[in-house]
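S.K.: Whole structure, please, built from the sequences with the hints as guidance.
There are 2 protein chains.
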Amino acid sequence: MTQSADLDRVLERLDEGRDAALDRLLQFLRIPSISTDPAHRADVRAAAEWLRDELTGLGFSAQIHDTPGHPMVVARSEPGSTRPLLFYGHYDVQPVDPLNLWDRPPFDPTIESTPDGDVIRGRGAADDKGQLMTFIEAFRAWKHVRGSLPPDLILLFEGEEESGSPSLQPFLRQHADDLRASLAMICDTSMYSDGRPAITTQLRGLVGEEVVIRGADRDLHSGSFGGLAANPIMVLAKALAALKDGTGRVTLPGFYDGVQDLSETLARDWDALDFDAGDFLGRVGLKTPIGEAGRTPLEMVWNRPTAEINGIAGGYAGDGFKTVLPAEARAKVSFRLTGQQDPERVRAAFRDHVRSFVPDDCTVKFHEHGGSPASVMDTSDPAFAAARQALTEEWGREAAYIGAGGSIPIAGDFKTILGMDSMLIGFGRDDDRIHSPNEKYDVESFVKGARSWARILNALR
Amino acid sequence: MTQSADLDRVLERLDEGRDAALDRLLQFLRIPSISTDPAHRADVRAAAEWLRDELTGLGFSAQIHDTPGHPMVVARSEPGSTRPLLFYGHYDVQPVDPLNLWDRPPFDPTIESTPDGDVIRGRGAADDKGQLMTFIEAFRAWKHVRGSLPPDLILLFEGEEESGSPSLQPFLRQHADDLRASLAMICDTSMYSDGRPAITTQLRGLVGEEVVIRGADRDLHSGSFGGLAANPIMVLAKALAALKDGTGRVTLPGFYDGVQDLSETLARDWDALDFDAGDFLGRVGLKTPIGEAGRTPLEMVWNRPTAEINGIAGGYAGDGFKTVLPAEARAKVSFRLTGQQDPERVRAAFRDHVRSFVPDDCTVKFHEHGGSPASVMDTSDPAFAAARQALTEEWGREAAYIGAGGSIPIAGDFKTILGMDSMLIGFGRDDDRIHSPNEKYDVESFVKGARSWARILNALR
Numbered sequence: 001m002t003q004s005a006d007l008d009r010v011l012e013r014l015d016e017g018r019d020a021a022l023d024r025l026l027q028f029l030r031i032p033s034i035s036t037d038p039a040h041r042a043d044v045r046a047a048a049e050w051l052r053d054e055l056t057g058l059g060f061s062a063q064i065h066d067t068p069g070h071p072m073v074v075a076r077s078e079p080g081s082t083r084p085l086l087f088y089g090h091y092d093v094q095p096v097d098p099l100n101l102w103d104r105p106p107f108d109p110t111i112e113s114t115p116d117g118d119v120i121r122g123r124g125a126a127d128d129k130g131q132l133m134t135f136i137e138a139f140r141a142w143k144h145v146r147g148s149l150p151p152d153l154i155l156l157f158e159g160e161e162e163s164g165s166p167s168l169q170p171f172l173r174q175h176a177d178d179l180r181a182s183l184a185m186i187c188d189t190s191m192y193s194d195g196r197p198a199i200t201t202q203l204r205g206l207v208g209e210e211v212v213i214r215g216a217d218r219d220l221h222s223g224s225f226g227g228l229a230a231n232p233i234m235v236l237a238k239a240l241a242a243l244k245d246g247t248g249r250v251t252l253p254g255f256y257d258g259v260q261d262l263s264e265t266l267a268r269d270w271d272a273l274d275f276d277a278g279d280f281l282g283r284v285g286l287k288t289p290i291g292e293a294g295r296t297p298l299e300m301v302w303n304r305p306t307a308e309i310n311g312i313a314g315g316y317a318g319d320g321f322k323t324v325l326p327a328e329a330r331a332k333v334s335f336r337l338t339g340q341q342d343p344e345r346v347r348a349a350f351r352d353h354v355r356s357f358v359p360d361d362c363t364v365k366f367h368e369h370g371g372s373p374a375s376v377m378d379t380s381d382p383a384f385a386a387a388r389q390a391l392t393e394e395w396g397r398e399a400a401y402i403g404a405g406g407s408i409p410i411a412g413d414f415k416t417i418l419g420m421d422s423m424l425i426g427f428g429r430d431d432d433r434i435h436s437p438n439e440k441y442d443v444e445s446f447v448k449g450a451r452s453w454a455r456i457l458n459a460l461r
Numbered sequence: 001m002t003q004s005a006d007l008d009r010v011l012e013r014l015d016e017g018r019d020a021a022l023d024r025l026l027q028f029l030r031i032p033s034i035s036t037d038p039a040h041r042a043d044v045r046a047a048a049e050w051l052r053d054e055l056t057g058l059g060f061s062a063q064i065h066d067t068p069g070h071p072m073v074v075a076r077s078e079p080g081s082t083r084p085l086l087f088y089g090h091y092d093v094q095p096v097d098p099l100n101l102w103d104r105p106p107f108d109p110t111i112e113s114t115p116d117g118d119v120i121r122g123r124g125a126a127d128d129k130g131q132l133m134t135f136i137e138a139f140r141a142w143k144h145v146r147g148s149l150p151p152d153l154i155l156l157f158e159g160e161e162e163s164g165s166p167s168l169q170p171f172l173r174q175h176a177d178d179l180r181a182s183l184a185m186i187c188d189t190s191m192y193s194d195g196r197p198a199i200t201t202q203l204r205g206l207v208g209e210e211v212v213i214r215g216a217d218r219d220l221h222s223g224s225f226g227g228l229a230a231n232p233i234m235v236l237a238k239a240l241a242a243l244k245d246g247t248g249r250v251t252l253p254g255f256y257d258g259v260q261d262l263s264e265t266l267a268r269d270w271d272a273l274d275f276d277a278g279d280f281l282g283r284v285g286l287k288t289p290i291g292e293a294g295r296t297p298l299e300m301v302w303n304r305p306t307a308e309i310n311g312i313a314g315g316y317a318g319d320g321f322k323t324v325l326p327a328e329a330r331a332k333v334s335f336r337l338t339g340q341q342d343p344e345r346v347r348a349a350f351r352d353h354v355r356s357f358v359p360d361d362c363t364v365k366f367h368e369h370g371g372s373p374a375s376v377m378d379t380s381d382p383a384f385a386a387a388r389q390a391l392t393e394e395w396g397r398e399a400a401y402i403g404a405g406g407s408i409p410i411a412g413d414f415k416t417i418l419g420m421d422s423m424l425i426g427f428g429r430d431d432d433r434i435h436s437p438n439e440k441y442d443v444e445s446f447v448k449g450a451r452s453w454a455r456i457l458n459a460l461r
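So the protein sequences, as listed, match chains E and W. Quick note: the first sequence, position 403, residue 403 per full-length UniProt numbering, numbers continuous. Quick note: the second sequence, position 413, residue 413 per full-length UniProt numbering, numbers continuous.
Certain hints may be false.
Each pair may be met inside one copy or between any two copies, as identical chains are not told apart.
Here are the simulated lysine-lysine pairs, DSSO-like style, with alpha carbons at most 27 angstroms apart [claimed, not checked]:
id: 1; residue 1: K448; residue 2: K143
id: 2; residue 1: K365; residue 2: K322
id: 3; residue 1: K238; residue 2: K322
id: 4; residue 1: K287; residue 2: K322
To be clear, the hints were calculated from the coordinates, so they are not data collected in a lab. No experiment lies behind these values; they were computed from the predicted model shown.
M.R.: Given below as structure tokens:
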């Protein structure tokens, strides 16, 4: 029996088992595992137990690990390969407010027919229960056909992803030896576009800073003091305005150290994506890419670092007008990082920059709000080409290597703590309404998602 | 009988009548004429009636004029001079909250002994009932000694000064012919310093603007859009930062048109005031004057125009951190004007300036918050020198010609609507706690204030 014949039988088995797989997912979705809400603590645990029981039933050695927060579920298959693979997903879900905007109870999921095809409707359908079940169903079909699970799988399911993952880093550190693999497979992202599968191979990092500038010990009357006393809002405006030059480049000394231009291959790949910036911006009422001169729109969001002001406040900004010369002004600023930029060097350069604008009569304080480097996966690992090929075969369209403008902290944690890259493959769509009322996951995503994992496993095992 | 002998008798009469005058003021202060509080509407009217009755008793022809808000009290003495003089004050007072910070009921006034001398304690003692009673007591003593009131006085008392004077401009326009005089005498300001009397001869004007910059039609995720989409806070920061250059000068084209350097005389006078900027700033926790290079601190606040950001808001500025790329940013900006600067030209230049920073993908809206030119009194009118001399004689220290960094709208209205300059003479002190709990007015201010007006009247009548 060739590998290929085995794969065909696994795919057949997935098709035969489609309705039973959907029933299992609906059962899982009925557990209201909202991790941010203490009232649902027992439900979160119930979802962990449901997963453990499923995995035990499949032949995994599965355990629940308690943490100070919600439990971790860890499962393993038998040894037998040279490349352990870690699969990650999260079994907790977002809150459901506002409940009145749901067309049906969020934890009474169903399969709905829509003009765009059948969808699984319910909280967690796409984020992330439906996605993590795609690889579990692939394991199940593999076992059915071959009699045993793929060897050397490590499964890690978290119950705190929607509440900031407070227990994750300590847990990874504590169980590093048991969790370390050659690669992490994360199923919590979207396709590039409807029907076009993708592997996210790079994620921007993030540095968050809050800056508070204080002048006088109280708000002053701008008549009595205007022109004589330092105005913290003006000091702040000057410091922030000078963060970017006229071409959109960040001016901090050394900021671009470690930033790398796109490889020719990736540049060609991204070019072939035919990204329509006008359409992307048009959906939010904008039209013109406004980033660095000489960069393509996809480079701007995926491969170029940037500085953004996320919030600003100072003085009187309510209705009407008060001629105060304010005692204080504050801003929240974040930097998205790429390549090998060092978060702490960026932070230090930002602080030096702001300090250089602060006159004698003002003080400045900084508050740190996180820092993580960019994640750039080593796509020369043959697993990437193999997974790309597998996805391309399943979906009939070439799988794309894409970037992500945001950060996915788990990928950084896997890299930093366990020293492994992540392969981010997900089957979400832009209209899945994750974190919103009426969340859904396309049945096609679920079915072809499981088939995709079967193909990827076949290539890697 | 010489003028001087008459004056001596008027001053004697004021000294003899001191206790009775204080009793009258306490009676006036017992009326809780809070103009902003509808619950005190009848009290405001009672204060107007009290004044009218006082003035009628003194021989004035006094009337209450109803307005859409609180009434105006207008009184006149007999004709008989070539220079009608208008005296202005306001009989309404500030609210008293927070009541628990008062050491005694705010409308149960009393004379208190303090280490710095006797004070009249109660709401309105300094702002403005105690001050307006200084000239009424001077009229009373004059009448007692001379048998008739000083001729050609027009008295105007407002009941809405603490609530924005909504009825004032229409009233001045409607009664312009009856109210027009050669000069307005306003008793609602402070001395230059304790024991050093002053005439305020110039006030800065004001232009208020609110600017709102909008980008996308919603807050965006700074990961997905950062580097590609316009950030309204950055646009605003760049526009505001560019309002002033490195030397503290406002950069708007034509901004300084109409601004005049100090006359040599005034420069010398202000120099002689020995203004201690370090002390002035030190009281609010600052130390270094930060205005235009090459200007003295008093010039900065009294004779130079400036631009101040009074408030700014945009994005997420609460606790923690949200990586939003905000849909909107807004700021309130005000310009203090001097000399002949034209408020509407300054407003237009500001709007053009901001627009030049707004990219295609953003919109900008402006909201006007008032505009008034600076008031610069014509001190070549001999009345100024005469009043200065009178004040100097009463207080034993040379009266100062000073400026004010803020605006006193009534002076602008008298100029614009009635075509007359104002002579701003008041006897308040920095520690009077106007608008705050435990407001007070020094008995010395009250007594020597009335004597000052007697001397000024003697010089001008």
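S.K.: Hint by hint, say whether it matches the structure.
M.R.: Now for the hints, and whether the structure bears them out:
no., hint, result
1, K448 with K143, "within (18 angstroms within a copy, 103 angstroms between copies)"
2, K365 with K322, "both (26 angstroms within a copy, 19 angstroms between copies)"
3, K238 with K322, "both (22 angstroms within a copy, 23 angstroms between copies)"
4, K287 with K322, "between (36 angstroms within a copy, 24 angstroms between copies)"
Checked against the numbered hints above, the structure violates none of them.
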